[in-house]
Amino acid sequence: MGEKPKDQILHDHNNDGVDRRGFLKCMAWAGTGALCVMQGGVLKSYSMSRIKELDAKKMAGELSFVQISDSHMGFNKPANPDVAGTLKAAIDKINGLAAPPEFMLHTGDISHLSKPEEFDTVEQILKGASAKDVFYVPGEHDVLNDDGQQYRERYGKGTKGAGWYSFDKKGVHFIGLVNVLNLKAGGLGTLGHEQLEWMEDDVAHLKSSTPIVVFAHIPLWSVYPEWGWGTEDSAQALAYLKKFGSVTVLNGHIHQTMQKIEGNVTFHTAASTSFPQPQPGKADSPGPMKVPADQLRSLLGITDVNYVRGQHALAVVDSTLG
Amino acid sequence: MSIFGWAALVMIALGLLFNGSPEIAANTPPPAITEVKIDNFSFTPVTLTVTAGTTVTWTNRDDIPHTVVSADDAKTFKSKVMDTDEKFSFTFTKAGTYTYFCSVHPKMTGTVVVK
Numbered sequence: 002m003g004e005k006p007k008d009q010i011l012h013d014h015n016n017d018g019v020d021r022r023g024f025l026k027c028m029a030w031a032g033t034g035a036l037c038v039m040q041g042g043v044l045k046s047y048s049m050s051r052i053k054e055l056d057a058k059k060m061a062g063e064l065s066f067v068q069i070s071d072s073h074m075g076f077n078k079p080a081n082p083d084v085a086g087t088l089k090a091a092i093d094k095i096n097g098l099a100a101p102p103e104f105m106l107h108t109g110d111i112s113h114l115s116k117p118e119e120f121d122t123v124e125q126i127l128k129g130a131s132a133k134d135v136f137y138v139p140g141e142h143d144v145l146n147d148d149g150q151q152y153r154e155r156y157g158k159g160t161k162g163a164g165w166y167s168f169d170k171k172g173v174h175f176i177g178l179v180n181v182l183n184l185k186a187g188g189l190g191t192l193g194h195e196q197l198e199w200m201e202d203d204v205a206h207l208k209s210s211t212p213i214v215v216f217a218h219i220p221l222w223s224v225y226p227e228w229g230w231g232t233e234d235s236a237q238a239l240a241y242l243k244k245f246g247s248v249t250v251l252n253g254h255i256h257q258t259m260q261k262i263e264g265n266v267t268f269h270t271a272a273s274t275s276f277p278q279p280q281p282g283k284a285d286s287p288g289p290m291k292v293p294a295d296q297l298r299s300l301l302g303i304t305d306v307n308y309v310r311g312q313h314a315l316a317v318v319d320s321t322l323g
Numbered sequence: 054m055s056i057f058g059w060a061a062l063v064m065i066a067l068g069l070l071f072n073g074s075p076e077i078a079a080n081t082p083p084p085a086i087t088e089v090k091i092d093n094f095s096f097t098p099v100t101l102t103v104t105a106g107t108t109v110t111w112t113n114r115d116d117i118p119h120t121v122v123s124a125d126d127a128k129t130f131k132s133k134v135m136d137t138d139e140k141f142s143f144t145f146t147k148a149g150t151y152t153y154f155c156s157v158h159p160k161m162t163g164t165v166v167v168k
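Residue numbers (our numbering), protein chains in the order written: chain A, 2 to 323; chain F, 54 to 168.
Honestly, the hints are just simulated from the structure, not real lab data. Built from N, CA and C at the ideal position, the CB exists for glycine as well. Mixed in with the good hints, there may be bad ones.
To be verified - Each computed EDC-like pair below joins lysine to aspartate or glutamate, with the alpha-carbon atoms no more than 16 Å apart: (1) F/160 with A/233; (2) A/170 with A/103; (3) F/160 with A/227.
To be verified - Chain F residues, not near chain A, derived (Cβ > 10 Å throughout): (4) 81; (5) 85; (6) 95; (7) 103; (8) 106; (9) 133; (10) 147; (11) 154.
Claimed, not checked - According to the in silico footprint, chain F covers these stretches of chain A (three or more CB under 8 Å from chain F): (12) 113-124; (13) 141-149.
With these hints in hand, go ahead and build the complete structure from the sequences.
Here you go:
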């Protein structure tokens, strides 16, 4: 895949330099291991096999980071008896990227049972990554028994409330949200009044041209409510982001990749590095899905994200571990 | 003796054993269920009825951890996380209807009715 005419902007309906149909086409290619990067207003795609031939700088764009999720350190059942091994494989994959990511996002379920040794092991394994900075948000498995006290002691420096925070990288504004605490019977994920108020205030003074990346564990859109795959009050959070031309929402929790584009918002869930889960409704319950051992790694993965200043949509690419 | 004769003899013997008429032996109620099984992201039985003073035990047979937390504001009962094969027990002393859920997977709900 190279610089063919069909990669150029063809339909610029929103006058923002983004050919949405081309973007979606590129996302489809992404499933086969392609890298899509926005450069100079043109969406280009490169197959992973040709990556070495290309100029890493040209391809990297201006900001490059990786999302990993759901490492579930401590899980040891048949669906994956070696979650440390598959996490290491994910780090190897990250270290093999042509453009080393500047940092990593971990969208939660770092541990399986909130045990100190589980958090310690993940910390050790992540030390081997080329990207030294890691930003976390907790999953429901990280806040067991203590309402997240241990999680905040480890990862909560500079965060507010249950562990929410924001930071800026190369002009992109990142917002880490916590939607796995104070869950109600029969309910979904929840952000809560205090966090929503903080978020409204946090983005109030940002220019609408600022690209926004929101990351949280449970999906912020309704993937499958029957299995708790959604957040009750996410609509309020998204309403605060309406003014922005580019919003990327990165989630985990469902252990499979899924994407939805709605106006200026791209929603994306990452694969897990530990075990896959069934597609919505394809099983009785959303538990660990057992697959033949030689297929496991093809259902686990990482997500690589690239942003070029001046362009709107971030290029989000998933790749599997095997 | 005919089969009916033997049956009658057994019935009378059981009747004497239970210090009453033969009808009582035939009507002994089965032992009360006090166990809830957790499997496949659900509680079974989803509604359990017990008498006050009963200890109910939840056992996690799922391959993923779960908790048992009462849905009321007072948090009448709240288990630590249970991994596979771990248990949690609670003794219900007061009559009432207690809705509970798994705080890790809140779509999982159950009820204990205490009479």
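Q.
If you test the structure against every hint from before, which numbers come out violated?
A. 6, 9 and 11
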